[in-house]
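The residues making up each chain are set out below.
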Amino acid sequence: MAKIKGAIVVNKERCKGCRLCVVACPAKVIAMSKQVNSKGYNYAQMANEDACVGCASCGIVCPDGCISVYKVKVD
Amino acid sequence: MTIEDIIKPENLVYKKPDIMNDRPMHYCPGCSHGVVHKLIAEVLEEMDIVEDTIGITPVGCAVFAYNYLDIDWEEAAHGRAPAMAVAIKRLRPNKLVFTYQGDGDLAAIGTAETIHACNRGDSITIIFINNGIYGMTGGQMAPTTLEGMKTATCPYGRNTRLNGYPLKITNLLKELDGTCYVTRQSVHTAAAVRKAKKAIRKAFENNINQKGVSVVEIVSTCNSGWKLSPEKANEWMEENMFPAYPLGDLKDTTGDNQAK
Ligand SMILES: Cc1ncc(C[n+]2csc(CCOP(=O)(O)OP(=O)(O)O)c2C)c(N)n1
Ligand code: SF4
Ligand code: SF4
Ligand code: SF4
Ligand SMILES: [Mg+2]
Chain A
-3 MAKIKGAIVV NKERCKGCRL CVVACPAKVI AMSKQVNSKG YNYAQMANED ACVGCASCGI
57 VCPDGCISVY KVKVD
Chain B
590 MTIEDIIKPE NLVYKKPDIM NDRPMHYCPG CSHGVVHKLI AEVLEEMDIV EDTIGITPVG
650 CAVFAYNYLD IDWEEAAHGR APAMAVAIKR LRPNKLVFTY QGDGDLAAIG TAETIHACNR
710 GDSITIIFIN NGIYGMTGGQ MAPTTLEGMK TATCPYGRNT RLNGYPLKIT NLLKELDGTC
770 YVTRQSVHTA AAVRKAKKAI RKAFENNINQ KGVSVVEIVS TCNSGWKLSP EKANEWMEEN
830 MFPAYPLGDL KDTTGDNQAK
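First to last, the sequence lines map onto chains A and B.
For the record, in the first sequence the residue sitting at position 8 is 4 according to my numbering, with numbers rising by one throughout.
For the record, in the second sequence the residue sitting at position 69 is 658 according to my numbering, with numbers rising by one throughout.
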């Protein structure tokens, strides 16, 4: 059966660390970085890569348009 | 399959819309304004009408919206955006003309302009960000502030004996014959954002089809003004704002009931 695999790319300089993407992710893929960006914000990153299904919920709720979402079908 | 195999241009399913430029937006982390800006950009791109759109920015936190979306903009004095929109629409009837306004802008200083624009019925769209507070100026009480809600100018909570009742202005606007579509949406979850996008699309289509005024209220958070984290602000909004400002369509005379 075809499986869906997803991945996200976060523009970490644009991220303001609001955590709304963390809350929106149904698969608990995202966590905040320990490092900060040049503005001093902890930024969102994939912490649990394998779980991402590319549903784009994180990108959709991000107020700053920081997240690009990729999705592919695996046979 | 590695992450590199997934992250390829042909697998891209979501990104920041192109007309939202790379300037960092000045909004507080987690502010609803950014989500609504993104939706406007997405809908204009999908309708392929970017070159024929004129937005009017308010006074309020969204005063610099013109810096973030690469479309034509005018800046109105506080509350005057709907009057300006009517003037622009009459001069350029084939343009998509919309205002973007906060609750202080639309429902306090701009009440007269809002009501008369909605009564005149020119085909403009009003995007109304109702966060129940004056965000920009430091969190003062707005006409839309909830009963009992604390702000800088009602530190013990809004007292209706003293301050009157929360103004459900969208309910008034639906009564006016100039409005064709009046809806109340939110952007606190992915599902809500998708619905809000459909509503904005419908409102913009009414605009170019000359159907009258469309009003899209977005019940929003101002986590800074509310003194909550973005996450808690969303929860507070669900618990407190939604009972006072229930989501859904209030009016639709366009004969097309897709956006629900
Ligand atoms: C004529 C005039 N009166 C008052 C102000 C001060 N002022 C600036 S923004 C604002 C209210 C903004 O609140 P709202 O419209 O709800 O927007 P928000 O910041 O919450 O998005 C006020 C009263 C002003 N700039 N101009
Ligand atoms: S695309 Fe979906 S599953 Fe993947 S990180 Fe975003 S919200 Fe989570
Ligand atoms: S929602 Fe956007 S701005 Fe907020 S933490 Fe996630 S990526 Fe950063
Ligand atoms: S003050 Fe409130 S409305 Fe203004 S940017 Fe901050 S959170 Fe948004
Ligand atoms: Mg406001």
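Treat the hints with care, since some could be wrong.
Simulated pairs of lysine-lysine, BS3-like, Cα-Cα distance not exceeding 30 Å [stated by the list, open to error]: (1) Lys35(A) <-> Lys604(B); (2) Lys604(B) <-> Lys69(A); (3) Lys24(A) <-> Lys840(B); (4) Lys69(A) <-> Lys800(B); (5) Lys787(B) <-> Lys35(A); (6) Lys35(A) <-> Lys816(B); (7) Lys24(A) <-> Lys821(B); (8) Lys757(B) <-> Lys30(A); (9) Lys597(B) <-> Lys30(A); (10) Lys739(B) <-> Lys787(B); (11) Lys840(B) <-> Lys8(A); (12) Lys604(B) <-> Lys757(B); (13) Lys604(B) <-> Lys8(A); (14) Lys69(A) <-> Lys821(B); (15) Lys739(B) <-> Lys604(B); (16) Lys757(B) <-> Lys24(A); (17) Lys24(A) <-> Lys784(B); (18) Lys684(B) <-> Lys30(A); (19) Lys24(A) <-> Lys597(B); (20) Lys605(B) <-> Lys739(B); (21) Lys67(A) <-> Lys757(B); (22) Lys787(B) <-> Lys684(B); (23) Lys816(B) <-> Lys(-1)(A); (24) Lys8(A) <-> Lys757(B); (25) Lys35(A) <-> Lys605(B); (26) Lys8(A) <-> Lys684(B); (27) Lys800(B) <-> Lys739(B); (28) Lys816(B) <-> Lys24(A); (29) Lys604(B) <-> Lys784(B); (30) Lys67(A) <-> Lys684(B); (31) Lys30(A) <-> Lys784(B); (32) Lys69(A) <-> Lys840(B); (33) Lys24(A) <-> Lys604(B); (34) Lys(-1)(A) <-> Lys597(B); (35) Lys684(B) <-> Lys35(A); (36) Lys816(B) <-> Lys757(B).
Keep in mind the hints are simulated off the structure, nothing from the lab.
Which numbered hints fail: Numbers 3, 4, 5, 8, 10, 11, 12, 14, 15, 16, 18, 20, 21, 23, 24, 26, 27, 30, 31, 32 and 35 - these are the hints that the structure violates, sorted from lowest upward.
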